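Student: Residues per chain, in single letters:
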Amino acid sequence: MSGRAWADRILKKPRPRRSGLARRQMLVAWLMLLPTLAVVAVVAAWPLIQVFWMSFTNATLTSLQPPQFVGLQNYERLVRDPVWWTSVVNTIRFTLMTVIIELILGMIIALVINSQFKGRGAMRAAMLVPWAIPTVISAEMWKWMYNDIYGVINDLLVNKFHLLAHNVAFLSIPATSLPAVAAVDVWKTTPFVALLLLAGLQIIPNDIYEAATVDGASWLQRFWYVTVPLLRPAIAVALIFRTLDALRVFDVIYVMFGNQQSTVTMAIYDQNWLVNFSNVGYGSAISVFIFLIIAIFVVIYVTLIGVEVEQ
Amino acid sequence: MFINRRIAALLAVMVTLLPLLAACGGGGGGATPGAAGTKAPGAPGATATAPIVKPTSAAVTPVSTAAVTGTPSVPVTGTQTPAPVATTTAAPGATTTTGPTGMATSTTAPSGTAVSLTNIPTSKNTAPAVPNAAEAKKYSGQTITYYGDSVGPGHDFDMAAAKQFEKQTGIHVKVIPHPKEADQTYAQYLRLFQAKSPDADVLIIDVIWPGSFAPYLEDLKPALGDSAKTMYPNIIKNDTVDGRLVAMPWFADFGLLYYRKDLLQKYGISGPPQTWDQLEQDAKKVMQGERKSNPNFYGFVFQGNAYEGLTCDALEWLASTGGGTFVNQQGKVTINNPQAAQMLKKVQGWVGTIAPRGVTSYTETESMDAFQGGNALFLRNWPYAWGVANAPGSKIKGKVGVAPLPAASGQQHVATVGGQELAVSRYSQHKQAAIEFVKYLTSPQVEAWRAVAGSYAPTIVAVANNPQVQKAMPVLKVQAVRVTRPAGILGKNYNQGSAAIYQGVNQIENGSDPKSVLPQVQQQLQSLLKK
Chain A
1 MSGRAWADRI LKKPRPRRSG LARRQMLVAW LMLLPTLAVV AVVAAWPLIQ VFWMSFTNAT
61 LTSLQPPQFV GLQNYERLVR DPVWWTSVVN TIRFTLMTVI IELILGMIIA LVINSQFKGR
121 GAMRAAMLVP WAIPTVISAE MWKWMYNDIY GVINDLLVNK FHLLAHNVAF LSIPATSLPA
181 VAAVDVWKTT PFVALLLLAG LQIIPNDIYE AATVDGASWL QRFWYVTVPL LRPAIAVALI
241 FRTLDALRVF DVIYVMFGNQ QSTVTMAIYD QNWLVNFSNV GYGSAISVFI FLIIAIFVVI
301 YVTLIGVEVE Q
Chain B
1 MFINRRIAAL LAVMVTLLPL LAACGGGGGG ATPGAAGTKA PGAPGATATA PIVKPTSAAV
61 TPVSTAAVTG TPSVPVTGTQ TPAPVATTTA APGATTTTGP TGMATSTTAP SGTAVSLTNI
121 PTSKNTAPAV PNAAEAKKYS GQTITYYGDS VGPGHDFDMA AAKQFEKQTG IHVKVIPHPK
181 EADQTYAQYL RLFQAKSPDA DVLIIDVIWP GSFAPYLEDL KPALGDSAKT MYPNIIKNDT
241 VDGRLVAMPW FADFGLLYYR KDLLQKYGIS GPPQTWDQLE QDAKKVMQGE RKSNPNFYGF
301 VFQGNAYEGL TCDALEWLAS TGGGTFVNQQ GKVTINNPQA AQMLKKVQGW VGTIAPRGVT
361 SYTETESMDA FQGGNALFLR NWPYAWGVAN APGSKIKGKV GVAPLPAASG QQHVATVGGQ
421 ELAVSRYSQH KQAAIEFVKY LTSPQVEAWR AVAGSYAPTI VAVANNPQVQ KAMPVLKVQA
481 VRVTRPAGIL GKNYNQGSAA IYQGVNQIEN GSDPKSVLPQ VQQQLQSLLK K
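In order, the protein sequence lines correspond to chains A and B. In case it helps, my numbering puts the first sequence at residues 1 to 311. In case it helps, my numbering puts the second sequence at residues 1 to 531.
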């Protein structure tokens, strides 16, 4: 049952009756929510409002003067900032590449480990290894594997499989650097997607499949007409999780590329202005813009997939 | 589900485990890189703002076995290597002033009054006696907090010095190592200053930071002005903001050309290249021969990634070929000039020929690894590389020479300077005790000890010229004009200006035309200078 359904039950449904009991229940509900709301206000709402406010000022960390209100100046500068738009394009490219591939691979893996075979438990545990490795470590590890002189990937492609004539600097050529880091993210996060989908698969009752088999449905038909529709909530959750994560990607790219412009993402560009350049005003404007872009994606998902399909 | 389970399971196993197994198995092709010991812990830091280079040649062995015989030991923990990159300062030989053209010119450094340095301790655990103990005793019983070094053996040196200081003066020193990544340190210091925090009394700061931290730092001129006169004037100039001496130089870094003596000899090349053209020729000649046995052999590796290190390398390329120093002393942006464009075009030509294509994402670590693994003839790096290259077990131990970086013919050899300074917070509640501690750390005795026991290049002229120090640090004998990044003139906008420079140069390396990139960089720098 979703939070929305709970809210409906507690807040909406008793309302028309407006009995004394209902009012008392409402009061108790609000009282019980109060501590949570207070915490949310302090740790989430207040900083958020602060960021919105800062984005309209010229606040810096290096100036001793209090920040001044500058209106929309930061935003005007931002929309004309070519590096910012590069970072937006990079981030969206990265998001599309990783989310689509992760979903496909995650689905295959989930189907595999949902079926009966020997060593399934060990398989499920082994699958999670890439996800369990801290991102900074896996990014460093992959950086070594991609290395143009010593990297194992070049060694395999050039010396073992003879697919390439000479070593390629995957991380330095702008055309290959973003796909290379997307591959790292796919390797690392596919298990997480598989896990979410596996949870969805496990609640699909077996008798539906049996009925479909009796009716003569092929494997593909069973997958398409039974598994996919029933898995929709799980797919939606996986997609939203992964898309939001990918849109704020920072660590894996920062470790592998630093500030290189061919791979700069929105979060890295923001960090640059907030921390390295101490420009809180401009950095906050970038943060607000990131917030808006992520919000657009969420709205698209909610309307397209319909997250609220549950009863 | 009736998928062919075995095949699918196999596929899943491969997808998840193969890269992991491959990584554990180590790099396949070519030689094994320079071991864990040379891997920078602060990779993120190295890429960011102002990574710090420290001449941590090593975990301190006594002089006799250290740099003299070229065998400083490097611990194989992953935490050794500096997340390098430098900043501004000096070293022996010469000082820099920048002429109206933006080109560095050289003046001879004062030789410095002789300081008698006897019994220089050779262990990082034994700090020398406190020369200013008598005055410092006045503040006995006070407690000061020192944000100290965290790279290489730096913290061990700090602890030893703090212990000695406390023993002789009664001032208690709390040593807190700063975060390993320079940009995090920068952010942490800013937070402390913004909060007007009395919790930091003495801070180690990068040589490019005095401009941006000046408003929060105490003027040390009244107390330490006399000792400042014994140091390299260009670093003192760097640390003086609006007439206030906001930090005391502590140790220096400078760019050097490392080369493979054995390979030059093998191919009949008489010595290290004097000009960039000669470096190109030598590199091509040796590559041609070496590639027969090692297809991954390259001529020259440097720091080409988009980060502070590239600003340092680019400064050397430009200043050594008449291309100026980005911004001249009069505050005029000089980066967009024909010589600069020509040199950067040349650098663009190196990428993928004498330098690996991957050099555009190399920091100190990757370039050091290529050299250390025997896959490069020339390396541009800081003094710490001497220790790493000559560490026990190093593939190239004893085969390495060090020289000034090449220059265009008729131009002077230059080196970008970096290093670390010590500053006192203006929000400190124990300023006098803090100043006494800085006085001790920047005394000739302590600088000599750190040079001999840890290969930290001294900032005091007389200490750098001391025979025992010179014997321990052969890199100190390399003569080049020291050039500084425009940190002072850009002040708090330095990080942004440096980013404009390294992003532009990185684009040129990756194939953009210098003639279209340099005007953009010029424009960005100009807008930062106006602020």
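Just so you know, not all the hints are guaranteed correct.
[Stated by the list, open to error] Computed from the model, here is a short list of chain A residues facing chain B with C-beta under 10 Å:
1) T60
2) K143
3) L195
[What the hints assert, rightly or not] Estimated spans, in silico, between C-beta atoms of each pair:
4) A/A165 <-> B/Q479: 41 to 49 Å
5) A/N159 <-> B/K266: 19 to 27 Å
6) B/I176 <-> A/A44: 24 to 32 Å
7) A/V298 <-> B/G331: 41 to 49 Å
8) B/I176 <-> A/F69: 47 to 55 Å
9) B/G511 <-> A/T303: 41 to 49 Å
10) A/F69 <-> B/G511: 53 to 61 Å
11) A/A122 <-> B/E166: 55 to 63 Å
12) B/G511 <-> A/A217: 53 to 61 Å
In case anyone wonders, no lab produced these hints; they're calculated from the structure. Keep in mind it's a predicted model, so treat the numbers as computed, not measured. All C-beta atoms, glycine included, are put in the ideal place defined by N, C-alpha and C.
Student: If a hint holds in the structure, say so; if it does not, say that too.
Tutor: Structure-based check of all given hints:
Against a cut-off of 10 Å between C-beta atoms, the interface hint on A/T60 holds, since the closest Cβ of chain B lies about 8 Å away. Because the closest C-beta pair between A/K143 and chain B is about 8 Å apart, less than 10 Å, the hint holds. With 10 Å as the threshold, the beta carbon of A/L195 stays out of range of chain B, its nearest partner Cβ sitting at about 12 Å, so the hint is violated. Judged by the Cβ atoms, the range 41 to 49 Å given for A/A165 and B/Q479 holds: they are separated by roughly 44 Å.
Hint check: A/N159 to B/K266, Cβ distance near 26 Å, so the stated range 19 to 27 Å holds. The hinted window of 24 to 32 Å between B/I176 and A/A44 holds, with their beta carbons roughly 31 Å apart. For A/V298 paired with B/G331, a C-beta distance near 48 Å keeps the hint of 41 to 49 Å intact. In this structure, B/I176 and A/F69 break the distance hint of 47 to 55 Å, their C-beta atoms being roughly 37 Å apart.
Our hint of 41 to 49 Å for B/G511 and A/T303 holds, since their Cβ atoms are close to 42 Å apart. As the Cβ distance of A/F69 to B/G511 is approximately 43 Å, the hint placing it in 53 to 61 Å is violated. Take A/A122 and B/E166: their Cβ atoms lie about 56 Å apart, and the range 55 to 63 Å holds. For B/G511 and A/A217, the hinted distance range of 53 to 61 Å is satisfied, since their beta carbons lie about 55 Å from each other.
Figure legend: structure checked against the earlier numbered hints; hints not met, in rising order: 3, 8 and 10.
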